[in-house]
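**Student:** Sequence:
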Amino acid sequence: TFCKLGITVSKILAPIIIRRLTKTRELQTRENQAGFRPGRGCIDHIFTIRQILEHRHTY
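Residue numbers (the working numbering): 1 to 59.
There may be inaccurate statements among the hints.
[Unchecked claim] With beta-carbon atoms standing in for the labels, derived distance ranges:
1) Thr1 with Phe47: 45 to 55 angstroms
2) Arg30 with His55: 15 to 25 angstroms
3) Gln51 with Phe2: 48 to 58 angstroms
4) His57 with Ile18: 41 to 51 angstroms
5) Leu27 with Lys4: 31 to 41 angstroms
Read the hints as simulated data drawn from the structure, not as lab findings. Quick reminder that beta carbons are idealized off the backbone N, C-alpha and C, glycines included.
All chains should be built: construct the whole structure from the sequences, respecting the hints.
**Tutor:** Right under this line is the structure:
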């Protein structure tokens, strides 16, 4: 029964801890960083690099 109680408590606490850590990380992470952020990923970085390469002569 102790094991079941521990699993139940961890299932309740884990989402709360994850939400708090995610909020803190979002405040501390720069806008141009996309790794491990919801809705962002490699495609965002590829798009940014392509934009920079297309406009490299402008700079």
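**Student:** The structure should be examined with respect to each hint, and the outcome stated for every one.
**Tutor:** Here is how each hint holds up against the structure:
1. Range check, threonine 1 to phenylalanine 47: Cβ separation about 53 angstroms, and the 45 to 55 angstroms hint holds.
2. Range check, arginine 30 to histidine 55: Cβ separation about 21 angstroms, and the 15 to 25 angstroms hint holds.
3. The hinted window of 48 to 58 angstroms between glutamine 51 and phenylalanine 2 holds, with their beta carbons roughly 56 angstroms apart.
4. Judged by the Cβ atoms, the range 41 to 51 angstroms given for histidine 57 and isoleucine 18 holds: they are separated by roughly 44 angstroms.
5. Range check, leucine 27 to lysine 4: about 36 angstroms between beta-carbon atoms, so the 31 to 41 angstroms window is met.
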